[in-house]
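A.B. asks: Got chain A sorted already, so can you dock chain B onto it with the hints?
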Amino acid sequence: MPWQVSLYAAAVLIPLAAFLVETLFLRRLRRRNATIATAAIAVSCALSAVGFVDYFLVEHRAAFSEPAHRVADPAEPPAWEASFDWVAVGTSMGGRALAIPLGIRIDGLAALMFLMVTTVALLVHVYSTCYMTDNARYPRFFAFLSLFCFSMLGLVASSNLLMIFMFWELVGICSYLLIGFWYEEKANADAATKAFVVNRVGDVGMLVGLGILWSALGTFDFQEIVDLLRDDAGALRPDAPIAYGLLTLAGLGIFAGCAGKSAQFPLHVWLPDAMAGPTPVSALIHAATMVAAGVYLVARFFPVFTPEVLNVVAYVGGATLLIGATTAAVQTDYKKVLAYSTISQLGFMTLALGVGGWSAGVFHLLTHAFFKALLFLGAGSVYHGVHTYEMASLGGLRRRMPITAGAMLVGVLAISGMPLFSGFYSKDAVLAAAITKVSAEPRHALLLVLPVLGAALTAFYMFRMWILVFAGEPRGFPDPHTARVIHARDEEHELAEEDAEHGVGAPQYELNPAARARESPALMTGPLLVLSALSVFSGWTVWLGLPIGTPVLERMIAHAAPAGAVDVHLAHWPAVATSLIVLAAGLLTAVSYYAPAGLPFAPGRRLDPARAAGRLGPLYVLFVNKWYFDDLYALVLVRPCLRLARACAGFDRRVVDALADGLARLVALFGRVGGWFDRLAVDGLVNGFATALYVAGDRARSIQTGRIRDYLMFLTLAVVGLFAGVYAWVR
Amino acid sequence: MNDELLLTSLWLVPLIGAGVVLLMPRGTERLMKYVATAFTAAAFALSLYALFVYAIDARAAIPLAERAASDGFLVIRHDWIPAFRIQYYLGLDGISVGLVAMTSLVSLLACVASWPIEKQVRGYYALFLLLAASVTGVFLALDLVLFYVFFEVLLLPMYFLIAVWGGEDREYAAIKFLLYTLLGSAFILVAILILFFWSPGDAAAGGFSAGTFDMMRLAEVAATTGYYGRWIQNWVFALFLVGFLVKLPSFPFHTWLPDAHVEAPTPISMILAAVLLKIGGYGLIRLAWPLAPLGALDWSYVVAAVGVFSILYGALAAMAQSDFKKLVAYSSVSHMGYVTLGMSAMNLAGGAGYYAYGVNGAMYMMLTHGVTSAAMFFLVGVVYDRSGTRDLDRLGGLNDVMPVYGAVSYVIFFGSMGLPGLCGFVAEVLVVLAAFHYSVAMGILAASAVVLTAGYVLWMIQRVFLGRNEAWRGLSDLSPREIVVAAPLVVLTVLMGVFPQPLVLSWLSPSVDRVVADVAAGTGQADARDEPPTVVTESR
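Protein chains in written order, with this note's numbering: chain A, 79 to 809; chain B, -4 to 535.
To be clear, the hints were calculated from the coordinates, so they are not data collected in a lab.
Please read these numbers as outputs of a predicted model, since none were measured by experiment.
Glycine included, C-beta positions come from ideal geometry on N, C-alpha and C.
Misleading hints may appear alongside valid ones.
[Claimed, not checked] Derived EDC-like pairs (lysine to aspartate or glutamate); straight-line CA-CA distance at most 20 Å: (1) B:K114 - B:D164; (2) B:K114 - B:E24; (3) A:K704 - A:D268; (4) A:K264 - B:D386; (5) A:K704 - A:D411; (6) A:K264 - B:E465; (7) B:K114 - B:D380; (8) B:K114 - B:E163; (9) A:K264 - B:D395; (10) A:K704 - A:E468; (11) A:K414 - A:D709; (12) A:K264 - B:D388.
[To be verified] Chain A is faced by these chain B residues, among others (derived, beta-carbon under 8 Å): (13) L174; (14) F191; (15) T250; (16) L311; (17) G346; (18) A351; (19) F409; (20) G416; (21) A442; (22) S443; (23) L453; (24) Q457; (25) S504; (26) V511.
[Stated by the list, open to error] Stretch-level coverage of chain A by chain B, calculated; a stretch enters the list once three of its residues show a Cβ under 8 Å from a Cβ in chain B: (27) 252 to 262; (28) 435 to 449; (29) 715 to 724.
Okay, chain A solo, but in the shape it has when bound:
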């Protein structure tokens, strides 16, 4: 076993150990849980940095050459791996020896993901020590975070599909626990349940994929599956031991799982509600890492997907990015803007993978992790200052919170695709992949239209958010009542209000919170600055970020790309041109609608957002109502399911049980008939005995009144009869 495997195993298990300590000694440790959790993830981060350096700078230096000029070195080990059999039964049965292993497999993709996850997680831990400090469940929060880190790192390190599924569920339960962290409020508990159940819908698909692949191939191991399905050139083997249709079904199933976890249409509905959790959790789990796990699995299973599946992947990605972007554009709550923007960006990644742009999709996954974590932590910092998520009441925060405003601006520029910021390079790669696909197969033109439209909308809604929050002057709430209503939705004030009821200070309802906000402490702004730096540099090429050649990160990713991924660099310049145009379009629209008065682009009467909304008419209504997915699902899925459940329960009582009761009554009736017969045929003593024995059964429920002796007698008769009948029948 290579030492790197032990290194990564330690990096996975240390957060688990931390979780166990934090949970078992919760009462003794109290707030020291935060230190333990942070230390654990810091160690994991350091270990994965060592692994990263060893992988890319020592063992795989070829990763840094341009993909086009790369000479494959067959002697190079593609991955470090080791595994043991977790379950091995039926091994002596003949046929294929089946076992379910657990194992670690670290290749270039895993090494990159590992470093990204641990880095973001570490920053979020540091940030949370301050952000969550006033919370009563502070120790528990860090215990959950440790469990999450273990699960997420285990997911990345997994060497096989079943193991991915196991960690998949574990991250799901962490997400459940953290979304419902303020579980006193029914809405939060609902959101948690919804997130888990919707994810489980995807998991059904995943189980279908698992089951089909396992029953056909007898293994869960990624490498073995790929080797069984594809030859060295990446073409599907004609003698693959699985029918093409089944392979497609399995691929669709696995993608359904990915769609659940990565909030892809039509399973995206849980992610906006997941914002009910604390904001650092939204940054870590529901933006940077866990929701990217689905995309990660699509990347892992890229060689298993048939072309039909990849087309489905691409179109689902396209639909997702459009739904996410259009909904984000009309939100009034800045955390919700970010939530829908996450959905939209995940759509970008999925689309990129679907059109074959493997490196592009993964590249966007990694850059997005940094700038979206930055944006969410920035949003948390804003919330920390103003205790509201309503953009309408904010404005002018750039003066009161300069660091947060600057960091958020970096995030906005990165996600909108401004040159020199990381998002530019990754979005450019995504567009290039789409252009490559569409120029080869023009009938899929929609797969280019959607990301272009989405990119323009991204620039629009992100600048809209930044302007509304940070530019202009503080607007405040129109009246104290609105302030109170809006504050009442906030989780921390919820608790504050409860304290107030018990006489611990009165809740503060700021009428104009933005005017009195203060910059957050260094423990919160520090991570923002680090993430800002990462959001800029992670996309750079060796030429100081100039768009010459391939970005360094993308080269490393391309090194891990499977056979069959398209080379997107032919379409590089058209993509750059397109992304600059859409950036300008989105930016100008946002500025001309929302720029504060006094600026050259300040909106006139003709550019009033409300009027624009009116002109959009039904479309606007559609967007504001989140495309009515929640209502649709309630109508066609949730309610019918509950109705079916009630029908089953009713059927159980009224039909199945009634049948059983009826049978028992019939037996009792026979008993009574026998009783009468006895009475009429036999005299005195026997008669009296029979009366006592049988007639007593007349009262109340007949089943309850029958005597056991009766039943025993009839059962004996039944046994004899049954036996005789069977005997005669088979004779």
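C.D. replies: Positioned in the frame of chain A, the structure of chain B alone reads:
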């Protein structure tokens, strides 16, 4: 320890305990609790010892029948009623040793959970110990008549424990339980009698009759010959199937279960769910399949469909319940569907390896369900004791009031929900994987149950633990005695989910695999049914 003594004392110790409790004078109720607990603890120690011996001794690899013939490791055999070739024949293999250990563990925990019961203490503990003794006997017996005797004896204490110490509608529930089980046992008895007496007189060598109640012998005959022919095997299988599906229970024979559970006192619910239901599964894996493999193969599609239907139906019915205990009861129906499905996923093409996953999964489900269901009923009892209600719509907010209780419940219910890392997942995934190899459609249906399971478990958690409810402010958290009951089950839930192979499958799966191999061999005898059997029964 002498194996004869060990095997006999496994069921005799609780029985002696019952006698001792009966002889104790009035006024020593407190002492009776401790005496009963001591006896169940002794039985638990013995079964743990047996499990330990079985797990480490190399002789465990030898099939039971051969052990009976040779050195007698963990098996004893004596004539009991020689005229009918009925034997006192007990033995342990991987399948039974785990169930015996679980029976004695749950009995011990349920006994501790019984301490608050104040009504007719002597009778309660006497019946309780009688129940523990007879259930252990069921798992130990390798003679069909002995098995049947234990099987019938346990009905008596169970009936009275529900009918006397139960809730409001206890008599109805008790008699319902009794009637259903008696009905099931009638079927089983007929199957046993057919196995003993059936003789195709026209066969060449002057007829063939097994003429034995020896399970191991019959299984061997079934595996190596096409004895009786396909037709009779179909009958035998169907009779056993109905008999044990009643006990399991599976749709459509399950309606006694919710009533029995709701009315039974908490400790009896624990035993009922964790142990009594397992007799159904044990009967399937020990009798129905090995003694009639051809019948099992012919019926497999129907049985698998019943299993899948039970899984979905139980989960849906659980979702609609507003009584906490009923919800858990229906979840048992759903989980036992996995046992049926795993047993019947008989696609033997390309070796029985995949089928072995199904049967191992079924056995694993029995053990994990034993752990989680005992714990779930205990937890329901805890909240009922404190709040006096089991109405899910009236509960709520318990997480804040009883944090330890909440944490324990989360682990247990997530384990039951099949969360990876906890015990239920292993069982479910093994069964579902086998189901996919059997039929993709069945696999998809079984897999889709995970949504329903998550639905009813999380919705229940939300209604019981989350939210706010002023009514329950001030309820006390778990007492030390309650923690003692819950802790072993929580630990097992975690350990069985993380280390299935070393902890359970290492001693369980060789025996299960042997049954699978025998069943597979037995189904290979389809063509031999018209020939006279080559193996004639030995006469003892």
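A.B. asks: Compare the structure with each hint and give your call.
C.D. replies: Do the hints match the structure? See the list:
1. B:K114 - B:D164: 17 Å, holds
2. B:K114 - B:E24: 10 Å, holds
3. A:K704 - A:D268: Judged against 20 Å, a Cα distance of about 18 Å means the pair holds.
4. A:K264 - B:D386: Holds, at roughly 18 Å.
5. A:K704 - A:D411: Holds, at about 13 Å.
6. A:K264 - B:E465: 15 Å, holds
7. B:K114 - B:D380: 15 Å, holds
8. B:K114 - B:E163: 15 Å, holds
9. A:K264 - B:D395: Answer holds: A:K264 to B:D395 is near 14 Å, not above 20 Å.
10. A:K704 - A:E468: Since the Cα atoms of A:K704 and A:E468 sit roughly 18 Å apart, the hinted pair holds (cutoff 20 Å).
11. A:K414 - A:D709: Holds - the C-alpha atoms of A:D709 and A:K414 are around 18 Å apart, at most 20 Å.
12. A:K264 - B:D388: 13 Å, holds
13. L174: 6 Å, holds
14. F191: 11 Å, violated
15. T250: Holds - the Cβ of B:T250 comes within 8 Å of chain A, reaching about 4 Å at its closest.
16. L311: Holds, because the Cβ-Cβ distance from B:L311 to chain A comes to roughly 4 Å (cut-off 8 Å).
17. G346: It holds, given that the least Cβ distance between B:G346 and chain A is near 2 Å, below 8 Å.
18. A351: Holds. Min distance 2 Å.
19. F409: Holds - the Cβ of B:F409 comes within 8 Å of chain A, reaching about 7 Å at its closest.
20. G416: 6 Å, holds
21. A442: 4 Å, holds
22. S443: Cβ of B:S443 sits 5 Å from chain A, so the hint holds.
23. L453: 5 Å, holds
24. Q457: Result: holds, 5 Å to nearest chain A Cβ.
25. S504: With Cβ-Cβ at 4 Å, under 8 Å, it holds.
26. V511: Holds: closest Cβ of chain A sits about 7 Å from B:V511, inside 8 Å.
27. 252 to 262: Per the Cβ count (4), the hint holds.
28. 435 to 449: Our answer is that it is violated, as 0 residues pass the Cβ test (under 8 Å) against chain B, missing three.
29. 715 to 724: holds (count 5)
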